[in-house]
Structure formats: C-alpha cells, structure tokens
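Protein chains: 2
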Amino acid sequence: MSDFKRLKLNLEKPVPSDFQISRNQKPKHITEVAKESGVLEDEIEPYGAYKGKVKLDVIDRLHNRKDGRYILVTGITPTPLGEGKSTTTVGLAQAIGATLGKTAFANVRQPSMGPTFGVKGGAAGGGYSQVIPMDEFNMHITGDIHAVGMANNLLAAALDTRIFHESTQTDKALWKRLCPERKDGSRDIPIGLTARIKKLGLDTKDPKEWTEEEISKFVRLDVDQETITWKRVLDLNDRSLRGITINEAPTEKGLTRKTGFDITVASEVMAILALSTSLKDMRERLGKMVVASSKSGEPITCEDLGCAGALTAIMKDAIKPNLMQTLEGTPVFVHAGPFANISIGASSILADKMALKLAGVEPGLTEEEEKEQVGYVITEAGFDFTMGGERFLNIKCRASGLKPDVIIIVATVRALKVHGGGAEVKAGAPLPLEYTTENVEMLRKGCANLQKHIENAKQYGVDVIVAINRMSSDSDKEHDVIKEASLAAGATDAIVSNHWEQGGQGAKDLAEGVIKCANGEYPSQKDSTEKFDFLYATEGKTIEEKISIIAKKMYGAGDVEFLPAAQEKIKEYTAQGFDNLPICIAKTQYSLSHDAKLKGVPTGFTFPIRDIKASIGAGYLYALAAEIQTIPGLATKCGFMNVEVNNDGEIEGLF
Amino acid sequence: MSDFKRLKLNLEKPVPSDFQISRNQKPKHITEVAKESGVLEDEIEPYGAYKGKVKLDVIDRLHNRKDGRYILVTGITPTPLGEGKSTTTVGLAQAIGATLGKTAFANVRQPSMGPTFGVKGGAAGGGYSQVIPMDEFNMHITGDIHAVGMANNLLAAALDTRIFHESTQTDKALWKRLCPERKDGSRDIPIGLTARIKKLGLDTKDPKEWTEEEISKFVRLDVDQETITWKRVLDLNDRSLRGITINEAPTEKGLTRKTGFDITVASEVMAILALSTSLKDMRERLGKMVVASSKSGEPITCEDLGCAGALTAIMKDAIKPNLMQTLEGTPVFVHAGPFANISIGASSILADKMALKLAGVEPGLTEEEEKEQVGYVITEAGFDFTMGGERFLNIKCRASGLKPDVIIIVATVRALKVHGGGAEVKAGAPLPLEYTTENVEMLRKGCANLQKHIENAKQYGVDVIVAINRMSSDSDKEHDVIKEASLAAGATDAIVSNHWEQGGQGAKDLAEGVIKCANGEYPSQKDSTEKFDFLYATEGKTIEEKISIIAKKMYGAGDVEFLPAAQEKIKEYTAQGFDNLPICIAKTQYSLSHDAKLKGVPTGFTFPIRDIKASIGAGYLYALAAEIQTIPGLATKCGFMNVEVNNDGEIEGLF
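First to last, the protein sequences are chains A and B. Residue numbering for the first sequence follows the numbering used here, starting at 6 and increasing by one per position. Residue numbering for the second sequence follows the numbering used here, starting at 6 and increasing by one per position.
It cannot be assumed that every hint is accurate.
All copies of an identical chain are treated as equivalent in the list; a pair is satisfied when it fits inside any one copy or across any two copies.
Using 16 Å as the maximum straight-line C-alpha spacing, the simulated EDC-like pairs for lysine to aspartate or glutamate come out as follows [claimed, not checked]:
(1) Lys536 to Asp193
(2) Lys33 to Asp47
(3) Lys408 to Asp227
(4) Lys60 to Glu655
(5) Lys482 to Asp193
(6) Lys300 to Asp229
(7) Lys203 to Glu460
(8) Lys188 to Asp479
(9) Lys531 to Glu372
(10) Lys181 to Glu214
(11) Lys285 to Asp653
(12) Lys210 to Glu303
(13) Lys285 to Glu657
(14) Lys376 to Glu219
(15) Lys210 to Asp584
I should point out that these hints are in silico values taken from the structure, not numbers from a laboratory.
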C-alpha cells in the first residue's frame, strides 16, 4: 500500500490490558483506512469515525483483477484459554501490512454481545495485536447482528401468526384476506406469495380459474407443529429462554406450543450472511430456509410464508462488509459471525472476496511483478483445524469457489503439553507447574495432536505453516521440538511469533514465512504436485457416507453410530431431497473426538451422531455429536458488572 | 440558513405513492445537511450517506445561544386513518425552511419496525411532506431501537439469572463468587455493585468487617417473583410472545415463571432515551429502573443488579440524535420513539434541545434582529392534544425545562364530522358519503371536539394555531366553519394547509401564521398576560389527586373510579416514595373519554383506573384506563408480503 500511514506502537512491559492498549491508540478515520485500501470515496459508508460499510460494487469494479493470496488461520485442539488464533490473524496482518509494507487484510468475525457481557470478554485479538476501537468492535458495530435477529424473528412471528390464522379461518376467508378481490374480479396477490404460486405450478393459470382444492393448497400451509425447527433469537446469554411455552395469552386461543430462543449468531440467517456470494444469492438462500414440515411431510420454507423479500430488505445493509483497522492501522473486515458450535464459525465469503480483490493485482504481470505487488488476506476459522478448517474448506470454500494458498495452524506449548498428558487447564485457575516450566518430553508427546492437524490439512492439498504463539515461559528448546514435529508431519515451516507482546514486529518472521509459502518459494514446494480438493463429494454420496468420511479421515474415528433420531432425520431429509448438501458436524472443540476428555490423538473410537438438523438456506446439514447449548447463560458474577461509562462518555471495564 | 440548498419538488397529480415520491428525490449527503444546519464537521457521525448521529457536544458548544422557537404539533381526537400530524410537522418544516428560507427543524419519532412490516406501513409523513429516504427511515436507522432492545433484555437476563443463582447458592457462595477474595484478603468488588453497597449504607465499612447479616443483605436480592414487572422486548408484531412461560429447560431446575414480551418501543429504556437530558442523566435513570420488589416489599432496581453501567454502554451511541432530511432537504432529527399507548409518545428531549440551539440566536440581539434570525423547531406529540399534548407538557417539558411557544392542533373536516355524528370511519373500507361531500351542519357540531382541545391547550398558557389539513373533498365553507369555531374557542388563528399535495409551498400560509404567532405578532397576543404553567404540581398531591385533575380538567370526566388493583398499587408506590411523580394516563385515543365510542365532547362520565404501573427511571407512573396491548400482532395479509428487494438492491413495496 503506497500511501499507507502506519500507527506506531508504544510497546510497554508488562503488556497493559487489551482495553488500555486500545484506548491509548488513536485510530485513523475510517475514510482514510478505506482510501489506503483502494476503496473509492463513494464505496465506503462511514458509520461513525472508525467503522464503515463497503459497498459490494468494489467486487464488480475489480473483477478483472487476479485475487490476492488467501491465508487461512486455524489451530490445534485448544485449551479453554484459547491458543491465540484471532491474535495471530491480527498480528500477522499487522506484520505484513505495517512492518513489511505490503497490502494485508485481516478478516474476522463479528463477536456476539452475549459473551461480551457474560464471562468471556471481547474477541478483538489481544495485547498489541488487536482490532480497534475494541469497545466498538465488541458492541453493535454497524448493527448486522441486530438485522440478523430482526430477520430471524420476523420469520418466526410470520410462522406462528400463520398457524393461528389458519386455525381460525376457512380456506375461503384466508383466500379473501391474503389475495383480496379487486373491483374487476382479479386478485391482488402480494409479491411475496408469487414464489409459492410457482412452486405449486399455479402460475400458469388465472387465479379466477383456480379450483377450491388449488386455493386450499395455496392458502393453507398446514404446518405440523411438532416439526417446527425455527426458533426465535436474542444476542444475549439468556438461559431462561432456552425452553419456553408461547401463545399463552388469552388472545391466542389455547394454541400453546413449546419452543425456545437461540443466541442470534446461531441463527441460520447468520450462516447465510456468511455464505452468500451476492445480494441475489442471499435473497434465494433466505427464501429456501425450511422452518417446519407440513402435515403431509413437505418442507415449509420462508418463501411459502411470503417473507423472503422482507427478510432481504432487513438484511440489505448487513450484507456489506464492515471495515475497521488494527492497532497499527492496517485494514480489517469484520463481517458475519456464525456460531462455531453448530455452524461454520467463519467470517463472510463476501468480505473475503472483497479483500482478495483489493489485495489483488491487475492481469498481465510477470511472476516477479505479481509477487512484488500482490497483497494478503488473512481469514480465520473458529475452533481447531479439524473442525473449523474442515468446515471452512468443505462448506465455505465450496460455496465461494475460493481456495486458500496457505493454511496456518496456531500452536502453543501450553496446549500441546495438555495433549502430552499435562493436568487439566481451567479458565480462572492458576496454571499447573508443567505449563510454566520446560518439559520437553511432555511437549514432544503432545505434538502428535499438532501433527494430526497438519496431516489433516495436507489432505486438502494446501501447504501448512505452523505458527508457534509464543508465551513468556516457553523455552527455545521447546520451540525446536515443535518445529521438528511440524516438519516431520509435512508442514512447510514452523515459526515462532510474538505478536501479542510486540505487535507486527513480533510476527515479522511468521509474515516472511507466510509470504514465501504463499508464493511457492520454499524449496520443498518447488516440485509439489499437490492440488486442492474437497474431502468428499456432496453428490452421489449418502448423508451417512459423508459423515463417516469426516469422522474417520479427520477425527480418527473407527466407526460412526447413528442414533435413532439421526436415522429418522436422514430418511426425512433424503426424501425431501436435501441429501446432496455438505455436512457441518457439531462436536466438542476440546478433543479430536466427540469426547472432550480424550486428548492427544484418540483413534478407533465410535463416533455417535445423536441428531441431524438442516440449514437448507445456508446450504448444509448439521449433525450433532453432542448436546449443543445454543444459548449460553450468565454466571453469578458477570462481565456486565464491571462495565461503566465514565464522565467523558468512554466505556470502562469492558475487559 | 444562509447556504441552504433546497431540493426542488416535481409535483405530480394525482400524488404518487409515498415510496415513489421518496425514491424520485435524490437526498443530499448527510454531511451537507449537517453543515447547513450549523453542525461542525467533527460533530456529525455519518451512518451511510443519508443518516448521521450528531454528538451532544453541539449543545455545550452553543449553550450561550438563546433557543429557537419551539412549536408543538398535536391534533384533535382522530379517526383510525390518522389526521396528518406527522405530515403537518414535516410539511411545516419544509415551508419554513425551504419556502420561506428560515432555519427549521422537524423533530420526529423513530418508527418501530413492528408496524412497518405489519399492516400500518411507514411513519415518515406522506405525499410531498416526507422524511427521506423513507425506506431507511422505516428500518434500523442507526440502530437505536436495537440498542434499546439489547439494554432492556440484558436487564431481564440479569434478573432471571440472579434469581436462579440465588435459588441454588448459599449467601457465602454468592459472596465468594460476586466479590472474590484477593490474595491479601480484600474483596474484588465489581464496579457495578458499588451503588448497592452505598444504598445499604455499607460503603463506610471494610468488606472484611461486614457481618453475616450484612453480607446476606448485599448478596441476596430476594426477589418476589410475583412482583416482577420487567418484560423482555422485540421490535416486532409477535402476538405469540404476549404470554409465555420461561425457564422450562431442564437446566433451569423447574423455576418456571409466566411472563411475556412487549414491543421494544414500549420498553422503559425507550422512554428514558426520550426523557434524558444528558449521558449522566441517562445513566442515573437506567440505574433507577425498578424491575420487581423484594419479598420484604422493597423495590429492586437495575442498580441492585449491577447492570446500569453496562446498559449505559449499550446505549452510549443511541443517545446521540439522528439527523436526516425532508423531501425538500431541510433537516430532521429522528430520535427515540416511546410507545404512545403507555408512554409519552414524543421524540427526545436531547433532539429538541439540540435543534433549539442550532435554531437559536446569539445573545444581545435586538428584538427585530432576533425575529429576523431565529429558527423554528417543530416537534410532534403522539395521539391528540389531550393525551399526547398533555403528556408532552406535564412530563416531557417538566423533565426538559423547555416550554413550547406555539401549540398547533391539526384538524381535518373528516374527523370533525365523525365528532358531529358521522358514521364510523374504518381503515380499508370506503368512506361514507358525508365525508366526501359538504355537510356544514355535521361539521359545525363536530367542531366542539376541536374547541375542547383548544381550551385544554389554553389551560397551559400557550397560544394555539389550528392547522386545517386539507383534503380534496373539503369545501371552502367547511374550512370557514372550522376557522370560526377555532377563534371562538381561543385559538390565535386557524389556517388551511395543503402540504401533502404541494409540500412546503402548500403549508406557506400555515408557516407564516406560526412564525407570526411564535413571535407574538398577532394583535390578540399583544396584551396577553398568559404564562406557561403545568396542569398539576407533582409534589404535595396524592396519586389520586393528580389523576383526577387530568381526567376532569382534560378529559371532561365527572368522577374517577380507582379499581382495587389500582388502589393497591397506589398504596404500594406511595409507601415506596414514588408518589411524587407525574402521571401518564393510558387510554383510547379515539375519544376524549376512556370509551372509544363516545365521540364529540363527552362529559360527566366516570373515568375508570384499572391499574397503575411505574416507570421510575423514566420518571412517571402510568395509569391504565383500558387494557393496553403492549405487543401488536400480524394480520393474515401482512405488510411484509409486499416487500421485495429488486436487482438494483432497492427495496420495493415497503408501502
């Protein structure tokens, strides 16, 4: 970036709190960040001084460009403390962008406000590798999560209201109300219902000619209440709403039903925001969302309820990626944040596409010119490689048509020691001795976990760099052990990074390695014949087969057991024609297996699938290998209790 | 406004749809509107191209200025079709600002998205008197309603979670978790709980010295679940959530309880947004919100739950007024939208204060100079004068310290005929003949309703202008009847306005009259000794007395009956020290009385108070004279069914 203005770091030791660091840095105005990033003045829509939405026009304007390099950041099987994927993503962008002076975008997820006010705190990276201002990053941003919630809940209200009206009205009354007769005898059909008319094959016929049976089919969705999968959402940790009964007011005539709320980021609408490739694509995906089945077993969609246009209108601005900046002033796209527990846990395809074009090069350059000019897009996938990376590749890349040039696997000495037999690590509790002193043997044993993730990643034909996220108690010898194990497992390199303590400068070595790898300059890459491929084909394989491939090839399972509920769903979805979708498996992130207690590299276990659910609009089935809580709770002492707004209007104590 | 750029109207006949008119006008960039309005470059935070937040710094910067003229727009007892208050507010601002070239701000409420996607449609004015872009006006704007919902619901989650944790933990365990012991034996007390410590008088004592009883008092709120008044909210018409049972998930250990959702604009947090006079004031009001009583009858507040700082953080940006523009490019503040059914139904004090400063004049001018330079702030109150105006004056003006210079009462021939005995007017049904042809007798009889509103308004010592909102079937003779009746009842003038069809030009006469009146230039104003006063004092009068004054002096009641539930609440609130607050009465807007069927000027009726509730943070009690639905439902055919996003990304069919 030619006229890039770096924000200087004033490194202190010990490293102050994330919040202090963020507040002590004065960000550039977002229009400046946009300009430096190659976004034109009329393509950026500022939301306050430090956030902005970028119009999708950018992608069209630059469609001739060859994409920049696409770097995926994933990790090993983590501890509950987290091993620093977000921090590495941001630190690496600072290193490439601010330290090395090349174009670099960090693409991250928008955090939910539930955890922000719960125990966890923010998700803007940490130390000297952060997205700023961190308080704005952790609240509202430009309102996308709110839009997702509105869209999700309008659909829920539309569904329940329709059931209510169908229960109290004849076909004739429904017909009269939904499509009132005009003076000339024609019918005023709302545009939202035209898709249903087409689906029923009635679009070729004048509504005046419809038979009573056809009218009935059109006006009566005949929802089987037992099959409703659509839940309402709130962007909060509200455990009281996990299980509720609705329709208890006297006005609702006794049509009570049991349901619950999810956290907003668990909504299928959020997954669609992440996976859409255009406004039109989002419109179609929203229409395809299935909310229930009819009494005759047919899927009822958002389109059937006449809601898809309105949901698209609600999401019209949310689809534009949000631009922010790192602590060193390099650009960051913050866009979409689907819940990693049941969804892909990655940021949006559109943000990636946009960043890749902005980091891209004009066609016709020589290889050397291209290497000189090309930029880097560093995008993160939630959880470890084997969950987040697998979903990123098989679901997100399948939808986007993109493929990463490098996969980074973030590892820490601490987490690898857990896999080598170390004592349990708990958030809030002091670390056992083995984690704060050198223990080469334990570490060496634990490296098997890292090696399994490397081998898994290599199955996709992508080069792997291991980023060793340095902590102060690590020894050089320990770092050497990790490097050795990484190379043995097929990683192109393994590099220590100290971005938390030093910002971009601390990740300079890692950045140089990543650039080298992304441009195929490691000797080991020269004669490689590796080619990117998905783990499984979506067509021509049964749901069971696809799940088995993931469980065996990625997790190390010996066998997969489909429990009765899952078997039933497989039958149902296959009958409904939804068996040709990729699969998102929901399981613990704390083990390669389904059992959080199994550290290291468990093998031969029987992997249980309890249930299968569908996100038809987002475009995948999700298989549950565990009971997944889709709305967290608050603790006795909560994050919110520390928050205050001071007399200058600044937020204190968010972290 | 010296360098004001007027957006020209291209008047068509018949008047196209609101949406067509809005789309055909290209708005100015919001930074241009801000600049023309006297907002400095670093005081405006654009949210996209056509909306922006204005920092509260403006009010401080201009604190030396004398306020502009303050014009309140209210109406007569309306029909369900609405009599055009919003349209008059916007049209008058266009007339003063664009036609007459003076400074003029329209201050309006942010509409809820519930009705937007329900039957009602938008609320941006109409015809050639609109806020634009109307689709942005009717959705999200800058996210304030979403912030209100988040703040409201975080408090709800905090309350229910606290009850859960208190039910499962001993005092000692709660103490240990809420305020963990540090290594040195001191306690880490979250900042959010310090207010409770002070309230209990424990702040003078080292926590180490607290007795078991004191610890118990501090950690155990001991909420009486039967007394919980705090509900969750959604900005949607979702009737299924009116009555629900929560805590039914197995994790919640059987602590089920009945509750319900309100529409977000009915939240007390929204009323606080409207009534706060600064960030600090908002912080204090949020803390004072009462959510329940303890088992010993003491009010439990947001502050007791340690939530008030976090709620303020969530609302930190929402408190800044939003700037938009009219169809003719004059500035509009859109800020807060408390539900008129149970709250004040007026936009925010801060938006009014800010506009009054921006429309104000430097001190030391001669009377003539001041008249020449001063600007006008036109603000609207929901419902008719006798409800919305009364609340505006007795609640909003009491909190703000402001008083209006002119009260406008909007009247239509149509609505006055209803009060003169005309047949019922229903939305969607054709108008009976008396409304589309001249009927002077019926109209003359109906003018009594207008006269009662005028007389009511005059009780506050403010001059009244009647705005006759012209419709095409009106006759000149009918307009003369209204004028005559208005003057007879004490109005300073009554002026026909045709802004819907002609924009600002159509409201030119009205604008001239309002300016003349606001500057005291009508002959009738010359020797006036009228002085602004509230209808009642809040201190030194019982709750019953205050309600009786409103019911008798404003509504025309002969007597007030307090039903048992209301009597009990009066006792409770009086005991809790909440009897010195003003009162917001919730009743039908379709009659001066509590009975929608009583048109004209009913007198001598007994006015029933069924129940009384409290919005302690907002600063009023509200007395229910009717069953008020606090979350609407959706119809069989809904607004959302007409909405689509076209290939250019534009929203179609919102209206």
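So, going through the hints one by one against the coordinates:
In the homo-oligomer, the alpha carbons of Lys536 and Asp193 never lie at most 16 Å apart, since the shortest distance is 55 Å inside one protomer and 56 Å across protomers. Within a single copy, Lys33 and Asp47 get their C-alpha atoms only as close as 18 Å, which misses the 16 Å cut-off; across copies the closest is 14 Å, which meets it. In this assembly of identical chains, the alpha carbons of Lys408 and Asp227 never lie at most 16 Å apart, being 43 Å within a copy and 56 Å across copies at closest. In this homomeric assembly, Lys60 and Glu655 come within 16 Å of each other (Cα to Cα) only across copies, at 13 Å, whereas the closest approach inside a single copy is 30 Å.
Taking CA atoms no more than 16 Å apart as the test, Lys482 paired with Asp193 passes in neither setting, with 76 Å inside one copy and 39 Å between copies. Taking the closest pair of Cα atoms, Lys300 and Asp229 come within 16 Å of each other only inside a single copy of the chain (5 Å); across copies the shortest separation is 43 Å, beyond that limit. For a Cα distance limit of 16 Å, the shortest separation of Lys203 from Glu460 qualifies neither inside one copy, at 48 Å, nor across copies, at 59 Å. Taking the shortest alpha-carbon separations for Lys188 and Asp479, neither the intra-copy value of 81 Å nor the inter-copy value of 26 Å comes in at or below 16 Å.
In this homomeric assembly, Lys531 and Glu372 come within 16 Å of each other (Cα to Cα) only inside a single copy, at 15 Å, whereas the closest approach across copies is 86 Å. Taking the shortest alpha-carbon separations for Lys181 and Glu214, only the intra-copy value of 15 Å comes in at or below 16 Å, while the best inter-copy value is 73 Å. Proximity of Lys285 to Asp653 under the C-alpha cut-off of 16 Å is restricted to the inter-copy arrangement: shortest distance 10 Å between copies versus 44 Å within a copy. Neither within a single protomer nor between protomers do Lys210 and Glu303 lie at most 16 Å apart by alpha-carbon distance, with minima of 23 Å and 67 Å respectively.
Taking the shortest alpha-carbon separations for Lys285 and Glu657, only the inter-copy value of 14 Å comes in at or below 16 Å, while the best intra-copy value is 41 Å. In the homo-oligomer, the alpha carbons of Lys376 and Glu219 never lie at most 16 Å apart, since the shortest distance is 62 Å inside one protomer and 69 Å across protomers. Taking the shortest Cα distances, Lys210 and Asp584 never come within 16 Å of each other, neither inside one copy (32 Å) nor across copies (67 Å).
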